[in-house]
Amino acid sequence: MSAANPEHHRHVLQRIVVIGLLTLVVCSSLSMRQCPAIPRWGRSSRTSQILRKGQQQAQQAAQQRRQQMIQALNQQITAATQVLSQIQSNAAKTEQELKAANARLEGIRQSVEGAHEDAAVGAKTLREIETELIRQQGTDSELAKAERTLEEARLEVHETIMLVTQLPPIPIEPGKDPKRADIARLSAQQYESLKRDQRYQGAEAVCRSAAAAVAHIRKDVFEQDSAWRSAHRDLLAANKREKESAADRSHAGAEVARDRGQLRSQQSIASEAQAMIARAQDQLRQLGVNPKKG
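Counting along the sequence shown from 1, when you hit position 55 you're at 55 in the numbering used here, and nothing is skipped either side.
Derived by calculation from the structure, the hints in this document are not laboratory data. Treat each hint with caution, since some may be false.
Derived CB-CB ranges, DEER-like [claimed, not checked]:
no., residue 1, residue 2, range
1, Gln286, Gln59, 16 to 22 Å
2, Gln88, Lys243, 40 to 46 Å
3, Ala188, Ala257, 42 to 48 Å
4, Ala257, His216, 46 to 52 Å
5, Gln267, Val121, 41 to 47 Å
6, Gln137, Arg185, 32 to 38 Å
7, Ala257, Ser89, 21 to 27 Å
8, Ser209, Arg185, 24 to 30 Å
9, Ser89, Gln56, 48 to 54 Å
Below, in silico cross-link-like pairs of lysine-lysine (DSS-like), each with a Cα-Cα straight-line distance of 27 Å or less [what the hints assert, rightly or not]:
no., residue 1, residue 2
10, Lys176, Lys219
11, Lys195, Lys179
12, Lys124, Lys243
13, Lys124, Lys219
14, Lys124, Lys240
15, Lys219, Lys240
16, Lys179, Lys219
17, Lys145, Lys219
18, Lys179, Lys145
19, Lys176, Lys145
20, Lys219, Lys243
We put the beta carbon where it would ideally sit given N, CA and C, even for glycine.
The task is simple: from the sequences and hints, build the whole structure.
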C-alpha cells in the first residue's frame with residue numbers, strides 16, 4: 001500500500017465493504033430457500049424419509065452458509081485492520097512531518113521579520129545620508145539650481161491647469177507639487193480634455209525634463225559618497241533577503257497546509273476502518289461468535 005496516498009486506503013476500504021455486502025446478500029438469499037412443508041396427513045413413510053433427508057440437507061446448508069458468513073466477516077475485519085494499521089502508521093509520520101514543517105515555518109517567520117526590520121533600518125539610514133548630502137550642496141550648487149528650475153516648471157504646470165480648466169486658484173504648499181491636488185479637483189471629462197490641450201502638454205514636457213535633470217544630478221552626488229554607496233549596498237542586500245524570506249515563508253506555508261490536509265484525510269480513513277471493524281464484530285456476535293480483535 002502506498003504510504004503517500006491516503007485515497008488508496010479509502011479505495012481498499014470501499015472494496016472491502018462491497019465484497020462483504022455481496023457475501024452477506026448471497027448468503028441471506030440462500031438462507032431463505034427452505035424445503036416445502038408437507039402436511040402430516042399427506043405423509044407416507046417414503047415421504048417422511050424424503051422430508052427428513054431434506055431437513056438434514058437444509059440444516060447442513062444453513063450451517064455451511066453460517067460458516068461462510070463468519071469467514072467473510074473475519075476476512076473483512078482482517079483486511080480493515082491491515083488498512084487501519086498502515087494508515088495509523090502513516091498518520092503518525094505525517095504528524096511528525098507537520099510538527100517539523102510548523103517549526104520551519106515559525107523560524108522563517110522570524111527570519112522575515114528580521115529581514116523586514118533590516119530593510120526598514122537600511123532605508124532610514126539611506127534617507128538620512130541623502131538628506132545630509134543634499135543639504136551640503138548649498139544654494140549655488142548645480143543641484144540647487146536644477147531643483148529651482150523644477151519648482152518653476154511645476155508652478156507653470158499648475159498655472160496652465162488653472163488657465164485651461166478655469167478652476168479657482170487654491171493655496172500651494174511650499175516644496176510640494178501642486179499638480180496632484182489640481183487633478184483631484186477635475187472631473188474625468190475635464191481631465192481628458194486637459195490632457196489633449198497643447199499648452200498643458202508643453203508645460204508637462206518641460207516639467208518632466210526638469211525632474212529628470214534633478215534625478216540625474218542627485219544620483220551623481222549620492223554615488224560619489226562612500227557612505228551612501230555602503231548604505232545602498234546594505235539596503236539592496238536587506239531587500240533581497242526580505243524577498244527570499246517571503247518566498248520561503250510562502251513555500252513553507254504551502255507545505256504545512258499540505259501536511260495538515262493529508263493528516264485530516266488519514267484520520268478520516270482510520271475512522272472509517274474502525275467503524276467497519278466494529279460493524280463486522282457486531283454481526284459476528286449476532287451469529288453467536290466471539291469476534292477477533294480489530
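Please write out, lowest number first, the hints stated earlier that are contradicted by the structure. none
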